[in-house]
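Visitor: Spelled out from the first residue to the last, the chains are:
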Amino acid sequence: MSSTFETIANIIAETCDIPRDSITPESHAINDLGIDSLDFLDIAFAIDKAFGIKLPLEQWTQEVSDGKATTDQYFVLKNLAARIDELVAAKGA
Amino acid sequence: MRLEYFQLIDRVVDLNLTDRRISCEATVPSVSTVFEGHFPGFPLMPGVLLVEAMAQTSGWLVSSINQFKRMSFLASVKEAKLRTFVLPGYVLNIESKLVHEGSGYAVLDAKVRNNGKQVCDATITLRVMEFPNQELAGEMLKMAARVGLTPEMALNG
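Quick note, the sequences are listed as chains V and B, same order.
Under the working numbering, the first residue of the first sequence is numbered 95, with each subsequent residue one higher.
Under the working numbering, the first residue of the second sequence is numbered 2, with each subsequent residue one higher.
Just so you know, the hints here were simulated from the structure itself, not pulled from any lab data.
Being a predicted model, the structure only gives us computed values, none of them experimental.
Even for Gly, the Cβ is constructed at its ideal location relative to N, Cα and C.
Some clues are possibly wrong.
DSSO-like, lysine-lysine: derived pairs with alpha carbons at most 30 Å apart [claimed, not checked]:
# : chain 1 : residue 1 : chain 2 : residue 2
1 : B       : Lys-70    : B       : Lys-112
2 : B       : Lys-143   : B       : Lys-112
3 : V       : Lys-143   : B       : Lys-82
4 : V       : Lys-185   : B       : Lys-98
Label-pair restraints from in silico Cβ distances [as the list claims (entries may be wrong)]:
#  : chain 1 : residue 1 : chain 2 : residue 2 : range
5  : B       : Asn-67    : V       : Asp-179   : 42 to 52 Å
6  : V       : Pro-119   : B       : Pro-30    : 31 to 41 Å
7  : B       : Leu-137   : V       : Ile-124   : 25 to 35 Å
8  : B       : Pro-133   : V       : Asp-179   : 52 to 62 Å
9  : B       : Arg-84    : V       : Ala-184   : 21 to 31 Å
10 : B       : Val-32    : V       : Ala-107   : 44 to 54 Å
11 : B       : Ser-104   : V       : Thr-164   : 12 to 22 Å
12 : B       : Ser-31    : V       : Lys-185   : 23 to 33 Å
13 : B       : Ser-31    : V       : Asp-160   : 51 to 61 Å
14 : V       : Lys-185   : B       : Thr-19    : 57 to 67 Å
15 : V       : Ala-184   : B       : Pro-133   : 50 to 60 Å
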C-alpha cells in the first residue's frame, strides 16, 4: 500500500499536471507548487474520495485567516499527509 | 426560461434529499433576442446556457440541502457534452445528483433530457459559502419560491 504522501503526490501530479518528481514532502502546495484554490478543490475531491474523509478546508482557511494557524501546517505536503492520517484514524475510531 | 434574467429553471418537479437528487423543468422560449444572433435563420439554444441550466439546477439542490443558509457559485464544469441541438419550444427536464459534499464545495452530475432523450450532461463543481450579503439571501428565497421550492421542501424533501 502506498503511503499517504505518495497518494497525495500522485493526485497532485495528475490533477495539476505537475511532474511527479518535483513534488516532495517539503513542498508547499501553494507557495512551491503554485496550486490555486480552484485546483485545490479538485485535489480535495480526489483526496476525500481516496481516503473516505472530508478535508475540513473551510475550518483550515478560517484558522489561517484568524492567525491561529499558518498555511504551512496544512499545505506543506508532509503536514497535509499527517492531517489526513489523523482524519482517517478519527473515522475508524 | 427567463433568458433575459438568466433564470433558466421554470420549476422544480422533484426534490429528494435522501437520494440527494433534484429534477427541474424548463421550456426554451419560442422567441428570444438570443436566437436573433444564435443563429440567424437557424435558432439554437446556446450550449453555454444549457450548461448554466445544469449549474442552476445543481445550485437549487445544494441550496436545499443547506436549507437556504448558504449560497452556491459555479466553480468548474467538467466533461460537458452537448449531444444534440436544442431548439426553441423544447421542454427540458434537468436532473442533478450530488456526487460529493466537501467542505466548502459540492460535486454533482447533471443531465438534460428532451422527450426522454438525453441532450447534454456534465459534472458540475460548486463553491458553497456564506451569503455575501442579506439582500442576496432574501432574493434567493424569492427565486426559490418562484420555481416552487420552499424551505419546507428543503426540510422534508
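Visitor: Taking the beta carbons of Val-32/B and Ala-107/V, is their distance inside 44 to 54 Å?
Guide: Between Val-32/B and Ala-107/V, where Cβ atoms are some 50 Å apart, the hint holds.
Visitor: May I ask you to test the hint 12 to 22 Å on the CB atoms belonging to Ser-104/B and Thr-164/V?
Guide: About 19 Å separates the Cβ atoms of Ser-104/B and Thr-164/V, which means 12 to 22 Å holds.
Visitor: Does the Cβ distance between Pro-119/V and Pro-30/B fall inside 31 to 41 Å?
Guide: violated (56 Å)
Visitor: Go ahead and decide if the range 25 to 35 Å is satisfied by the Cβ distance of Leu-137/B to Ile-124/V.
Guide: Given about 29 Å between the Cβ atoms, the range holds.
Visitor: Within a Cα-Cα threshold of 30 Å, do Lys-143/B and Lys-112/B meet the stated pairing?
Guide: holds (25 Å)
Visitor: Taking the Cβ atom of Ser-31/B and the Cβ atom of Asp-160/V, is their distance within the range 51 to 61 Å?
Guide: For Ser-31/B and Asp-160/V the Cβ distance comes to about 54 Å; the hint holds.
Visitor: Could one say that the CB atoms of Pro-133/B and Asp-179/V fall in the range 52 to 62 Å?
Guide: violated (35 Å)
Visitor: Kindly confirm whether 21 to 31 Å is satisfied by the beta carbon distance between Arg-84/B and Ala-184/V.
Guide: violated (43 Å)
Visitor: Given the hint of 50 to 60 Å, is the C-beta distance from Ala-184/V to Pro-133/B inside that range or not?
Guide: violated (32 Å)
Visitor: Is 42 to 52 Å a correct range for the gap between the Cβ atoms of Asn-67/B and Asp-179/V?
Guide: violated (29 Å)
Visitor: Take the C-beta atom of Lys-185/V and the C-beta atom of Thr-19/B, compute their distance, and say whether it sits inside 57 to 67 Å.
Guide: violated (23 Å)
Visitor: For a C-alpha distance cap of 30 Å, please report whether Lys-143/V and Lys-82/B respect it.
Guide: Holds, at about 24 Å.
When each numbered hint is compared with the structure, violations occur for hints 5, 6, 8, 9, 12, 14 and 15.
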